[in-house]
Amino acid sequence: MIINHPHLGPRDAAEFTILGDADLLKRPDWQAGNADYAFYHYLYLRDNPAGLHRELWFHECGDRSWLIVTRDTVTHAVLDVALARDVALSSKKPKVGKGARAAKKARTKKPAKGCIAEDSPK
Amino acid sequence: MSSIHPLKLFPVKKVFFFPLIFVTVTLVVECSVAGVDMRYSIWSIVNQALKGNRGWTPVWREPEPKLHYDIVIIGGGGHGLATAFYLASRYGMTNIAVLEKGWIGSGNIGRNTTIVRSNYLLDGNEPFYEQSLKLWEGLEKDLNYNAMMSQRGIINLYHSDAQRDAFIRRGNAMRLHGADAKLLNKNELQKMCSFLDFENARFPIMGGLLQPRAGTARHDAVAWGYARGADQRGVDIIQNCEVTDFIIKNGTCTGVRTSRGKIQADKIGVAVAGSTSRVMAKAGLRLPIESHVLQAFVSEGLKPVIPGVITFGAGHFYISQSDKGGLVFGGDIDGYNSYAQRGNLPVFEDVCEGGMAIMPMIGRARVLRNWGGIMDMSMDGSPIIDKTPIAQLYLNAGWCYGGFKATPASGLCFAHLLARGEPHKVATKLRLDRFQRGAMLDERGAGAQPNLH
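Protein sequence lines, in the order shown, are assigned to chains A and B. All residue numbers for the first sequence refer to this note's numbering, where the first residue is 1 and numbers rise by one. All residue numbers for the second sequence refer to this note's numbering, where the first residue is 1 and numbers rise by one.
Okay, chain A solo, but in the shape it has when bound (with noise of 0.2 Å):
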């Protein structure tokens, strides 16, 4: 397999290692009240599919950056490369013309979440 790296052009597959699902970027919240079952489903079940899968892949004997690879698991065909800076970032940035502010704001308002859930039953 050859993985197109968006800064060092295609390079063998066997430069890099593979952590898996590209969903582990989506940490969940660990003051959330659902914290155990969301970390479960995090950690341990995983989509598996036949066909398109993002994945997260670490450039090991290259330049050690964090890529999201699209790749067929049918025909192992590499369809895209992203770096999984950008993709997380641009995920939790608010839309472009907002601001700081809100972005702030954003940042503040998820433990307020998570000490809400906490208090309440499980």
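Treat the hints as calculated values from the structure; they're not laboratory data. Some hints here could point you the wrong way.
Heads up, incomplete: computed chain A residues facing chain B, CB under 10 Å, no partners named [stated by the list, open to error]:
hint, residue
1, ILE18
2, ALA35
3, TYR37
4, TYR44
5, LEU45
6, ARG46
7, GLY51
8, HIS53
9, GLU55
10, VAL69
11, HIS76
12, ALA82
If you want a taste of the chain A side facing chain B, the calculated C-beta under 10 Å gives, among others [stated by the list, open to error]:
hint, residue
13, ASN4
14, ASP47
15, HIS59
16, VAL81
Backbone N, C-alpha and C fix where the C-beta goes; we use that ideal spot for every residue, glycine too.
Add chain B to chain A, keeping to what the hints say.
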């Protein structure tokens, strides 16, 4: 450890010494039943030889699916067929169908490296695999079919003091569970396997852990033997029958929709190895399983050189020699999710490097062919034989790349679960909910990372 057994056609040795009257009676009996429920024996061979081998009949039927069965088993591989066989032979249930998408034995039972062993450490695993090895030892009599079971032993090599200590611990765990284990020092090992690279600078071989009762069996024959045994007891083996959906009403599974119509059943068991996630997704379940590709390799046929099964302790490499003479070997899974039944060259190279590290003579052998199989890698490296959250739907999965040796016990325990509704005593820890309970059976201690088990 014995040298390689000559190819035996049928397990008939003792019959030679029976009196002539028995011979005559047997001949008459064999001739009378030949064609329907033919039992294999020396007399059936003689009988057929005299008739020019024109009287052999198909070994199992090709029945049309019925509308209803007591139990439907999805997956006509080793585990599914073994389950049907033990349900019929030990639990007295015969209204059973085995549904197979392709042809029976077309999956991992026909793709493995044929190793049979019970050298595990953990409490929840070792009794299960020892039960399996005991069933292997009686399998040919059970099935009246030559599975070419050959107890030529397995040696796990160790390369450091720490590894020797770990193997002593494992050997003791095995013996505590009634299995056999013997620690070999360098001298003892040199007498058995002089060809190993004992003075390798990086991975010197210091000795090995031997399990004499381990060995190899003929993989295809296992599938065919179980299929024949199940079919003779009335089980319908339905090939080219793909399950397209489960019929689930109020949280209870009542049957399946297939490419050959709707089939109702009281209980449904799923034993589909690498396709587990795909099939169970039709029932709305997500599982602690990833599908990975494992490659296997065979060299050209050689004279007997490798006495049993040998595994490398410093890397991942295992090798044995088939009765045809080919060196059968393999190593790690490729490491990425795959349903392709073929792997890539980096692992090919890694496996060959492992071989060269322990026995440089392997460099003279030419690889004849290689192939891949799809492993249902579980999150702790151990299997699952359990009920599912959907009533009457049962699961047998997560075999990683250890499914072949487990075939008999997997079939027996799954049959027990389906017939009695409770786990077999050697499978009480192989539960689906163990991940949520934190009761993992992690033989390797690698954590929730399926490609490291």
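To see whether the hints hold, each was checked on the structure:
Of the supplied interface hints, the one on A/ILE18 holds, with its beta-carbon coming within about 5 Å of a beta-carbon of chain B, less than 10 Å. Hint status for A/ALA35: violated, given a least beta-carbon distance of 13 Å to chain B, over 10 Å. Evaluation of the A/TYR37 hint against chain B yields a held restraint, the C-beta minimum of about 8 Å falling below 10 Å. Look at A/TYR44: its Cβ gets to within about 4 Å of chain B, closer than 10 Å, so that hint holds up.
The closest approach between the C-beta of A/LEU45 and any C-beta of chain B is roughly 4 Å, which is under the 10 Å cut-off, so the hint is satisfied. Restraint check, A/ARG46 versus chain B: the minimum CB separation of about 5 Å is within 10 Å; hint holds. Checking A/GLY51 against chain B by beta carbon gives a least distance of about 8 Å; that is within 10 Å, so the hint holds. For A/HIS53, the interface hint holds, since its Cβ comes within 10 Å of a Cβ in chain B; the closest pair sits about 6 Å apart.
Because the beta carbon of A/GLU55 sits about 7 Å from the nearest beta carbon in chain B, less than 10 Å, this interface hint is met. With 10 Å as the threshold, the beta carbon of A/VAL69 comes within range of chain B, its nearest partner Cβ sitting at about 9 Å, so the hint holds. This hint holds: A/HIS76 has a C-beta 6 Å from the nearest C-beta of chain B, less than the 10 Å allowed. Interface hint status for A/ALA82: violated, as the beta-carbon distance to the closest one in chain B is roughly 17 Å, over 10 Å.
Taking 10 Å as the C-beta cut-off, the interface hint given for A/ASN4 is violated, the closest approach to chain B being about 16 Å. Because the closest C-beta pair between A/ASP47 and chain B is about 6 Å apart, less than 10 Å, the hint holds. Violation of the interface hint for A/HIS59 is found here, the shortest Cβ-Cβ separation to chain B being roughly 14 Å, above the 10 Å cut-off. For A/VAL81, the interface hint is violated, the least distance from its beta-carbon to any beta-carbon of chain B being 14 Å, above 10 Å.
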